[in-house]
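**Student:** Each protein sequence line maps, in turn, to chains A and B.
Under this note's numbering, think of the first position of the first sequence as 4, with each following residue one higher.
Under this note's numbering, think of the first position of the second sequence as 4, with each following residue one higher.
Errors might be hidden in some of the hints.
Label pairs and their in silico Cβ distance ranges [as the list claims (entries may be wrong)]:
| # | chain 1 | residue 1 | chain 2 | residue 2 | range |
| --- | --- | --- | --- | --- | --- |
| 1 | B | ALA132 | A | TYR62 | 34 to 42 Å |
| 2 | A | ALA140 | B | HIS61 | 48 to 56 Å |
| 3 | B | THR113 | A | GLU149 | 31 to 39 Å |
| 4 | A | ARG144 | B | ALA21 | 49 to 57 Å |
| 5 | A | ALA51 | B | ALA140 | 33 to 41 Å |
| 6 | B | GLY91 | A | ASP154 | 27 to 35 Å |
| 7 | B | ALA191 | A | SER56 | 33 to 41 Å |
| 8 | B | GLY203 | A | ARG26 | 49 to 57 Å |
| 9 | B | THR113 | A | ALA191 | 50 to 58 Å |
Incomplete in silico selection of chain B near chain A, CB under 8 Å [as the list claims (entries may be wrong)]:
| # | residue |
| --- | --- |
| 10 | VAL54 |
| 11 | LEU82 |
| 12 | LYS83 |
| 13 | ARG122 |
| 14 | LEU157 |
| 15 | ALA164 |
| 16 | GLN165 |
| 17 | MET171 |
| 18 | ILE190 |
| 19 | VAL193 |
| 20 | VAL196 |
Treat the hints as calculated values from the structure; they're not laboratory data.
Bear in mind the structure is a predicted one, so any value in this text is a computation, not a measurement.
Cβ coordinates follow ideal geometry from the N, Cα and C atoms, glycine included.
Protein chains: 2
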Amino acid sequence: MSDIGARRRGRPPRTESADTRDRILTAARAEFSERGYEKTSVRGIAKAAGVDSALVHHYFGTKEQVFEAAVEVAFAPALKVRDSVLDGPLDNVGERMTRTIVDLWENPVTRTPLLAIVRSAVNNETAAAVFRRLVSAQLLRRIAGELDAPDAELRAELAAAQLVGLAMLRYVIKVEPLASADAEHVIARVAPVVQGHLTGRTGTAA
Amino acid sequence: MSDIGARRRGRPPRTESADTRDRILTAARAEFSERGYEKTSVRGIAKAAGVDSALVHHYFGTKEQVFEAAVEVAFAPALKVRDSVLDGPLDNVGERMTRTIVDLWENPVTRTPLLAIVRSAVNNETAAAVFRRLVSAQLLRRIAGELDAPDAELRAELAAAQLVGLAMLRYVIKVEPLASADAEHVIARVAPVVQGHLTGRTGTAA
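Next comes chain A alone, as it looks inside the complex:
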């Protein structure tokens, strides 16, 4: 199972220290989203959270571990994607996966942590490693597990590539006319491609 769901397992009920942890994680998420991994410092996170740097280290350890904890929280949407993809028939899995990803990027609340992940992973190997652990292990491999194909993981990654590229051009770099195109129109164009990658039933026939 994911680390996200189990994050608080074994810990006592909500206390002052749990509040402090959450405040640090919220500050960390905001800092990493705005600045990316390299330009974010533990000191900056501590300052934004109104605590001493030593407390950040006490709760989370190194900057890498703070990042991983912050992004795991931020990456809860990935579980939503996974659930929506796994919950339904395979013959429209492409439409479900595409719609869920587009919805997450259209919503400003979920767009922020997604930007943190993209901006950090592109520029920093530590953040890229976290991306690989979270996205590959928790999302894509679970989707691949549902596919009846020997190259299921590659299929899931090629489908993800279409969606990552869509997010890059539409939401991050904002290339027109794609950035302003109607979301439903975009979903209608991309879903068959994602479906084709995942199940081979469309998108690869000549």
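Given the coordinates of chain A, assemble chain B onto it according to the supplied hints.
**Tutor:** Below, chain B without anything else, positioned relative to chain A:
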């Protein structure tokens, strides 16, 4: 025509100042590739080129203008993509576009400037604007001009999204098994999708 091909038009033959300009551009390209836009400084570029910062400003102006000049040089590969895409029949344009992009990323020499563009454009609005001017205006709109479709620009951008996402997951973030998959196999899987986006002859049929 592109600014790249015309870059030296009207300038005198190679002189000491042309050498200095080229040395500055080479240093700038290396700095932007490694650090991305925000962490690169004119002073750092000048130091790497062995010149005074004032000379960098004299030749190129602001940091944004240095970036644009460096990336235009770095972006010569985009013209290769455009030429290879435009030079041939439309019914295998997807294969040509995919192969050219994959070849550029497979080659370490051309991978560096492409990384500079991706890393900078994701983290900085100035660099994103340069990306939009270069990629949209010089590459995608020219490809769209060859397509006989009312939504040609959107088609070119959705095709580009598949290829940008492929580059992100395979070459930047290095998700497995995609990162280690055989290049020809990847081209064979992605080309029909790119073809489908561009011409609608494959990839969107149910």
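**Student:** Next, verify each hint and record whether it holds.
**Tutor:** Results for each hint:
no., hint, verdict
1, ALA132/B to TYR62/A: 34 to 42 Å, "holds (39 Å)"
2, ALA140/A to HIS61/B: 48 to 56 Å, "holds (51 Å)"
3, THR113/B to GLU149/A: 31 to 39 Å, "holds (37 Å)"
4, ARG144/A to ALA21/B: 49 to 57 Å, "holds (53 Å)"
5, ALA51/A to ALA140/B: 33 to 41 Å, "holds (39 Å)"
6, GLY91/B to ASP154/A: 27 to 35 Å, "holds (29 Å)"
7, ALA191/B to SER56/A: 33 to 41 Å, "violated (51 Å)"
8, GLY203/B to ARG26/A: 49 to 57 Å, "holds (51 Å)"
9, THR113/B to ALA191/A: 50 to 58 Å, "violated (34 Å)"
10, VAL54, "violated (27 Å)"
11, LEU82, "violated (18 Å)"
12, LYS83, "violated (20 Å)"
13, ARG122, "holds (5 Å)"
14, LEU157, "holds (5 Å)"
15, ALA164, "holds (4 Å)"
16, GLN165, "holds (5 Å)"
17, MET171, "holds (5 Å)"
18, ILE190, "violated (12 Å)"
19, VAL193, "holds (7 Å)"
20, VAL196, "holds (5 Å)"
The earlier numbered hints that this structure contradicts are 7, 9, 10, 11, 12 and 18.
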